[in-house]
Amino acid sequence: MRILIKNGRVIFPDRIEEGGLLLENERIKEIYTGNVPDVTDAVTIDAKGNYVSPGFIDIHTHGAGGADFMDGTPEAFITACKTHLEHGTTTILPTTLSSKFGELYRAVDSFREARKILKNAPYMPGLHLEGPYFSMEQRGAQDPRFIKDPDVEEYTAIVEYADGDIKRWTVAPELKGALEMGDYLYEHGILPSIGHSNAEYATVKEALAHHYTHVTHLYSGMSTITRRGGFRYLGVIESAYALEELTVEVIADGCHIPPELLRMVYRLKGVDKTCLVTDSLRCTGLDVKESITGSLENGQRIIIEDGVAKLPDRTAFAGSIATADRLVRTAWKLAGIPLADSIRMMTLTPAQILNIDCDRGSIEKGKIADIVVFNDDVEIQYVICSGNIVRG
Numbered sequence: 001m002r003i004l005i006k007n008g009r010v011i012f013p014d015r016i017e018e019g020g021l022l023l024e025n026e027r028i029k030e031i032y033t034g035n036v037p038d039v040t041d042a043v044t045i046d047a048k049g050n051y052v053s054p055g056f057i058d059i060h061t062h063g064a065g066g067a068d069f070m071d072g073t074p075e076a077f078i079t080a081c082k083t084h085l086e087h088g089t090t091t092i093l094p095t096t097l098s099s100k101f102g103e104l105y106r107a108v109d110s111f112r113e114a115r116k117i118l119k120n121a122p123y124m125p126g127l128h129l130e131g132p133y134f135s136m137e138q139r140g141a142q143d144p145r146f147i148k149d150p151d152v153e154e155y156t157a158i159v160e161y162a163d164g165d166i167k168r169w170t171v172a173p174e175l176k177g178a179l180e181m182g183d184y185l186y187e188h189g190i191l192p193s194i195g196h197s198n199a200e201y202a203t204v205k206e207a208l209a210h211h212y213t214h215v216t217h218l219y220s221g222m223s224t225i226t227r228r229g230g231f232r233y234l235g236v237i238e239s240a241y242a243l244e245e246l247t248v249e250v251i252a253d254g255c256h257i258p259p260e261l262l263r264m265v266y267r268l269k270g271v272d273k274t275c276l277v278t279d280s281l282r283c284t285g286l287d288v289k290e291s292i293t294g295s296l297e298n299g300q301r302i303i304i305e306d307g308v309a310k311l312p313d314r315t316a317f318a319g320s321i322a323t324a325d326r327l328v329r330t331a332w333k334l335a336g337i338p339l340a341d342s343i344r345m346m347t348l349t350p351a352q353i354l355n356i357d358c359d360r361g362s363i364e365k366g367k368i369a370d371i372v373v374f375n376d377d378v379e380i381q382y383v384i385c386s387g388n389i390v391r392g
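Note that the numbering used here has the sequence shown beginning at 1, numbered continuously upward.
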């Protein structure tokens with residue numbers, strides 16, 4: 001199938017240019033600037049001056065559309081993925097929660113089955129395991145029943161069982177055995193990530209030497225500066241700035257961090273070290289007041305108000321109800337980050353963090369034809385997934 005997109009404003013990592021694209025056989029065949037020639041045998045999309053962007057890449061999401069990736073069924077994966085696809089997400093990293101390991105194994109099985117079934121749907125490069133090896137003090141909405149120190153037999157068994165289907169694992173590096181776990185994950189092609197951690201700078205720096213190169217939802221579930229005897233000690237938040245090698249992700253829903261703080265992260269860490277994530281829950285895309293985090297069997301009750309999910313006692317957020325288009329809108333319209341950079345943090349930067357940028361994350365000849373067309377209000381007009389029109 002050949003698709004011609006004309007009259008668009010094409011978003012590249014460093015600029016926006018008027019022009020269009022020719023897509024052919026799941027790939028970007030040609031990139032046009034200025035006038036776009038007619039192609040007689042192609043389906044033509046008139047972008048009508050709207051923006052033409054790479055498909056969005058969300059590397060931290062728990063679900064959507066009433067489904068959670070912990071539900072233990074391929075149907076849950078399909079429902080959540082297709083809900084996010086409607087909002088422009090063409091690559092997704094399904095994320096688990098702290099739970100019984102039996103549920104994590106079921107998540108692996110469901111992921112595999114869903115990937116066989118899914119067509120015209122977001123690409124899933126692997127799973128992101130968030131927990132259960134976390135700091136109890138920084139657990140946030142993670143279920144305290146399942147939080148523990150790393151268990152070598154436990155994590156090596158599931159990594160071997162997954163056989164390459166785990167792409168990332170979030171761990172608190174100060175826990176006993178966490179640094180050795182980082183080495184093991186790296187050796188098996190898994191990105192060790194720092195999250196739900198009470199670590200100080202010295203530990204974060206040591207963790208970096210053990211391949212913990214990414215920080216999960218910066219500012220959420222992590223330590224900050226403390227004082228002892230008048231001396232100040234950096235927490236994970238400040239360490240993320242102090243250690244330039246670290247990449248970070250932020251939940252850019254406008255609630256977890258205010259737009260002013262989002263802009264500060266962008267200015268201090270830079271567009272090439274910062275990506276946007278939804279951290280979305282099953283209630284995303286639904287008009288409900290209550291929901292459940294995690295599986296229906298072992299999940300926790302949450303409430304939804306003020307555009308965000310909260311613990312029932314309202315002491316903390318429990319996750320977001322955002323989709324990727326909302327993240328871009330928040331970054332661009334509320335935080336004042338230039339559109340090209342807002343898009344880069346939702347596309348190329350997460351692709352580079354996952355090491356999948358050879359095929360995805362930017363508009364380049366030969367890359368996978370994952371394309372989103374949206375207007376000045378970041379309202380999705382078209383979604384093209386692997387060269388197929390799935391919305392529009």
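Mixed in with the good hints there might be a few duds.
[Claimed, not checked] Once the Cα atoms are required to be at most 25 Å apart in a straight line, the calculated PhoX-like pairs of lysine-lysine come out as:
no.	residue 1	residue 2
1	LYS100	LYS148
2	LYS82	LYS367
3	LYS367	LYS6
4	LYS48	LYS365
[As the list claims (entries may be wrong)] Now the in silico label distances, taken between C-beta atoms and shown as ranges:
no.	residue 1	residue 2	range
5	GLY102	GLY34	51 to 59 Å
6	ARG227	THR33	49 to 57 Å
7	ASP46	PRO312	43 to 51 Å
8	GLY102	ASP38	55 to 63 Å
Source of the hints: derived by calculation from the structure; they are not laboratory data.
From the three backbone atoms N, C-alpha and C, an ideal C-beta is built for every residue, glycine too.
message = So, against the hints stated earlier in the document, which numbers end up violated here?
response = Violated hints: none; all satisfied.
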